[in-house]
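Chemist: Given these sequences and hints, build the entire structure.
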Amino acid sequence: MIRLDSLTKVFPGSASPAVTGLTMEVGEGELVALVGPSGCGKTTTLKMINRLIEPTSGVVEIAGRDASSVEPHVLRRSIGYVIQQVGLFPHRTIRENIATVPLLMGWDRRQVTTRIDELIELMGLDPDLLDRYPSELSGGQQQRVGVARALAADPPVLLMDEPFGAVDPIVRGRLQIEFRDLQRRLGKTVVFVTHDIDEAVMMATRVAILNSGGILEQYDTPEQILAEPATPFVARFLGEERGLKRLALRPVSHVELKRGPMVDVDSSPEEALRVMSDHGVQWVGLLDGGRLLGWAHGESVHGPLRELVAHPFLVVLQPSDSLRRALDAVVTGHAQVAVVVDDGVYLGMIDVEKIAREITG
Amino acid sequence: MILGQERPFIEWDWISRNIDEIGQATVEHFTHTALAVSIGLVLSFGLSLAALRWRQAYAPITWVTGVLYTIPSIALFTFLVPIFGLNSLLTSQIALVSYTLLILIRNIVAGVRGVPEQVTEASRGMGMTDRRIFLSIKLPLALPAIIAGVRVAAVTTIGLVTLTVLVGQGGYGLFILRGISRQFLTEALVGTSLSVMMAVVVDTSLAGLERLVTPWNRSASGT
Amino acid sequence: MIEFLGEVAAWFAEAENWTGARGLLPLTVAHVSLTLVAISSAAVLALPGATYLGHMGRGGFLAVSVVNIGRALPTFGVIGVLFPITLSFPVTQSPLGYWATLLAMVVLAMPPMFVNAYAGIRGVDRSHVEAARGMGMTEQQVLAKVELPLALPLVMAGIRTAAVAVVATVTLSAWVGYNTLGAYIFVGFAQRDDVLVFVGGLVVALLAIITDVALGWVERRTDPLRRRRIPRQDGAASGSLYHQELSQSPLG
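Protein chains in written order, with the numbering used here: chain B, 1 to 361; chain A, 1001 to 1223; chain L, 2001 to 2252.
No lab work stands behind these hints, which were simulated from the structure alone. Remember, predicted model here, so these are calculated numbers, not experimental data. It is possible that some hints are incorrect.
Stated by the list, open to error - These stretches of chain L come out as covered by chain A in the derived footprint (C-beta under 8 angstroms, 3 or more residues):
#1 2076–2088
#2 2121–2132
#3 2163–2172
#4 2206–2215
For each residue, glycine too, the CB sits at the ideal point set by N, CA and C.
Modeler: Given below as structure tokens:
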């Protein structure tokens, strides 16, 4: 979808190039993150795609067409652009902000209104906000409007420059997940600049690690980069806890879960005792038709299981939670196991040993 | 307190007797002000566009308009009188207009330059042409600063128009001049007070206009 | 045009025009001394109050009002009103027109001085002030040793704005009977003597420009941080806040 060929940028008065002969491709529907330290040319590269900065040499191709073959402002109308401080027009209402590019492209009023309604639902925005001014919105809301505005004319490509940097960490975390899910759903091609490797790993389908001067050190899936950093620079850039970062990519549902010492409450006490001794533990987990009730001490098992007091498990996970979260929960909760439950239905359990085997395996 | 003549301090019926002339002077005074400020605004816009386009132009433009500002308006009259004549509207207008240029240019340029960087970047990234960006983004957002400049220019000009009587133009200055030559306090006081009142009315109206055309500032949280 | 300038030059060539009763020298002296008296009086009246209020952080609204009223007051009118009034008190009756002009000039000069001094003191970086207090300086010492030196450029800017305005407007004294350089213009208008009018305007203009440049030089020299400041884009234009709209924060 986007092809960069030997893209180079030398700024006047500068001794060394900001970007040197960068060659890479972004496939349709991919979310590619450009990551690197300050001065690595990631923002410059992004801006060369929509010609906010003109390349010194090299080619940018979008959907097979040379980007330099059209007028810059025409090109930009078919590319969504989101920046860190959003840049909403203070003197226009939210509605007018979002409608900007469609109106620029000559859509009629009715099309625009329909589209705006679609977008606010997509972005989870309150329709009441439409007639307010940007200064009346919170940081998170403004960011969402910024994305809505970029998507308004339904461009195939979206460029984003540290879009979630200006909000607080809690809001940022939520926005990251929402946007990633949104992109997967819409299938837009997104190029995304960030200095935060964790953000890149979490959101991107592929990550490009850039060094000073726009040198491409590695361009691969997050999983691959974390597993096998191509150069010492990449390894250093990934940081200390590379292994843990890998764990963050694996949901517990992808791991083979243990059954554990579980019995149905309608089984006999003898059955419960047998399960406990099979697993070599002093407690038993109680299920009711597949739904998890809790656990009980071994000594309290002598009568009907239904009458037992079921203690809740300390660590309960969802299938989408990552292994890293599992490990953290187990460590924080001083628990021995973490149970995985999908909407009340018991799926299995995982312990520290199992997690450790995933890390090394 | 008597003024050496058998007259009360302020002769109120002088005012009612001359109400017609006062009305006429008001119209003259206002028209001269409006004319000077409008012409000044048009010229300042042109010069500001030049200064915004070419960065190096700003310093010489401010220098020249600064010198014009420093030269006393009376002195400007004296330079223009030999050329345009003593009772000429042109003489007074040229002087009045030159006085407004510095403040208007300064405010227009500062207003446009003061538009937040990220707003301009976002508008470029969305595919707006430079012209559209200037007209629909930068200019509206610069309005508060521009109107502030017009306020100062208008108030200053209203005061200066009183001087134009010295080169044969009317306005409230007529009453002041006559008050001086006849040592008549009431007349001079009327001329002065009316000038101040017009300045206050114009200033307040322009402030109201500013609030009218910038609805987004009103709803900002914290205002 | 050339002819006209020739006549002007001829006027300057006449010695009588320099030293006579209405000669250039005596009139300039009268003009400048009236300016000096007005500026000093205005400074004495405006500066202490302004620096005190600025130091205390109060009176911002007063400063804004002073500026707005000052700008709206037509000086010509103020002279015109004061003239008959001064004529009715023996003290201010002579020299004719002197007191009316002087008082009007003081009124003209006070707003820019007040506002600039106020904003100058208020604009001093709070961290310097707190450091000084922390070192044990008394309030007067903080004001004298920290705030005033740092505020000096703006105070000077205010004096400069006021001085230029006064130099320009003292010209009007001629209309109320006191002879300064304005006499050339006044008499010239009356006698339709274009050369005289031009001479008057020329000399006043030069005087105003010289005052502006000279005080501008002083203003720059009083800046304790001048070597480290980024040079301003608009060259020598004054930093005076009187030329700008003041409804916003410097006085907030």
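Chemist: Within the stretch 2076–2088 of chain L, is the number of residues with a Cβ closer than 8 angstroms to a Cβ of chain A three or more?
Modeler: Holds: 11 residues of the stretch 2076–2088 of chain L have a Cβ under 8 angstroms from chain A.
Chemist: How does the stretch 2121–2132 of chain L fare against chain A when you require at least three residues with a CB closer than 8 angstroms, holds or violated?
Modeler: The restraint on the stretch 2121–2132 of chain L is violated, since only 0 of its residues have a Cβ under 8 angstroms from chain A and three are required.
Chemist: Would you say the stretch 2206–2215 of chain L counts as covered by chain A, given the rule of at least 3 residues with C-beta under 8 angstroms?
Modeler: Our answer is that it holds, as 3 residues pass the Cβ test (under 8 angstroms) against chain A, meeting three.
Chemist: So is the stretch 2163–2172 of chain L in contact with chain A by the C-beta rule, three or more residues under 8 angstroms, or is the coverage claim wrong?
Modeler: With 6 residues closer than 8 angstroms to chain A, the stretch 2163–2172 of chain L meets the three-residue bar; holds.
The structure fails hint 2 only (numbered hints given earlier).
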